[in-house]
Amino acid sequence: MRILIVDDSAMMRALIRRVIKLTELPVDEVVEAADGAEALRILETGPVDLLLTDVNMPGMNGVELLREISRQARWPNLVRVIISTDGSASRREEAAELDVQCYLEKPFTPEVLRNVLSQAAGSLHS
Amino acid sequence: MCSVKLPDLFTPDLPAQVVGAIASVAEKSFYAEAEPCDRARFEQLDGGGDWLVATVHFREGTCAGALTCTVPHSLARTLLDAFTGRDPLDPEPDREALFDLVGELSNMICGTWLTRLAMTQAFTLSRPVVEAAPRRPPLPDEDAMLVTVNDLPLAVSVRGVDLEAAAAGF
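Chains A and B supply the protein sequences, listed in that same order. Heads up, the first sequence is in our numbering, so the first residue is 1 and it goes up one at a time. Heads up, the second sequence is in our numbering, so the first residue is 127 and it goes up one at a time.
Chain B extracted, bound-state conformation (with noise of 0.2 Å):
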């Protein structure tokens, strides 16, 4: 049985819950500051170099989704100097470090954003899957939360599966 139902994942408060558990992890995980932008300004936002694209699915009962993260190499690397204490003069970390990095920043906001909405209901998250693209991809949705962390760009987006639906031939 599923406590949220996916009709309630979608609510018009969807975009400041995710927002919000965004603000949470940049803060506690990386001392950093994140703040929503209009997507005229993240066009803009290049961030520079490779994205790192990084989902992970959930899954609460007959309820299931993916959280996606799109962040550019900059991004990651800022975020990653941050969470290990890591010297910026340091040699540059490597891509294994930064696709763990990336993972982990969309396990946190995936797994605050459910905390939050759920309350009570444990929910499972899938191992995040990471990947490179050479230069921004497109936006996932026209609903993708966006916002600067440091003022450097980030893309998060939800999408939801209702397995009893679909079990049910919808």
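Next up, chain A with everything else stripped away, as it sits in the complex (with noise of 0.2 Å):
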């Protein structure tokens, strides 16, 4: 499994890929980028199966990257999180009609992204 992960702060990046470290998943690589363009740039040299995107961030935000990764739908397999602290109705409908599998409210303790990562790895082998 190829996890992307994007976010704006290197720390939480940091944070996330220390966590997928800690679970048994099956992860040969994870890769980074710090907007959604440069997730799109990655997502087009190589295959990804699990993307986990904040939605806040400078230049091109998770939302618009989820729009253009439906609008190309080029990668029908790829399993679509959103990490971010607005973990309001409204962006969660929106999240929902974007085919995000999972939604996950910053701050979150380990265990909870740990769970979602499990669950969101389910979803890519079902």
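The set of hints was computed from the structure by calculation and includes no laboratory data. By construction, the Cβ of each residue, glycine as well, lies at the ideal position given by its N, Cα and C atoms. None of the hints are false.
Covered by chain A, per the in silico footprint, the following chain B stretches (three or more residues, Cβ under 8 Å):
#	stretch
1	208-219
2	223-232
3	250-261
Looking from chain A toward chain B, a few residues come up when the C-beta cut is under 7 Å (computed):
#	residue
4	Ser9
5	Ala10
6	Ala14
7	Asn56
8	Pro58
9	Thr85
10	Asp86
11	Gly87
12	Ser88
13	Ser90
14	Arg91
15	Lys106
16	Pro107
17	Thr109
Computed far set for chain A versus chain B, every beta-carbon distance over 10 Å:
#	residue
18	Thr23
19	Gly46
20	Pro47
21	Met60
22	Asn115
Now that you have both chains on their own, put them together as the hints suggest.
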């Protein structure tokens, strides 16, 4: 499994990477992007199974990234997860329309992130 | 259309709401305990060394504002250790890492507070702007929320901008 973490905070990306390492998921590689545009470039250069993206980022934000992924329809099997401080119902509805499988609200404990990752990995194999 | 009118942001409940958000972020992300702190005690807490000031701007419909966190270097480093699992005996984290950490702290406090307040309406947060101060900067205003996190001082203040009123010439 190849995982792409998209967050403008290097600190948050490091935390997510650390939690992924602690899971027993079959992860081959974890790659990182600081915004949506960089994430798109990574998606275009190789297969990604699981996308973990923040919403509020400079440049192309997480919602714009997910819209572009849906529009291009090139990654139908990509499992999409939002990790955001915005836990509003409106944002969650918007995420559901963009084929987001899991929505994780910041702040979160590593245990909750681990559960989300397991759930996301499960939908990858179903 | 704004679901949370600006006057509604500044109710007598604001300090409790923001302190609640701080406590939630401290506990979940940093395994730390946040407690309200009175101004006299806060003034006595030095924190040691530089201070960092992080401001995140928020916008929801025609409502906009900013939340600012003011923390000593010592608290930023303690929180960074908890967040990343860094061994306190490792070499000092670089300035960029501390700035990133304090920015993320302000981002999470603001997002948690707004999510609980607005509940239904999505909002936008700016990338946090973080600045260093050689000594403790003056507290932003008398209404700043003062807490200790693991016995180190943290001040949070919120100010609002009513874009609709501003556009109408108020």
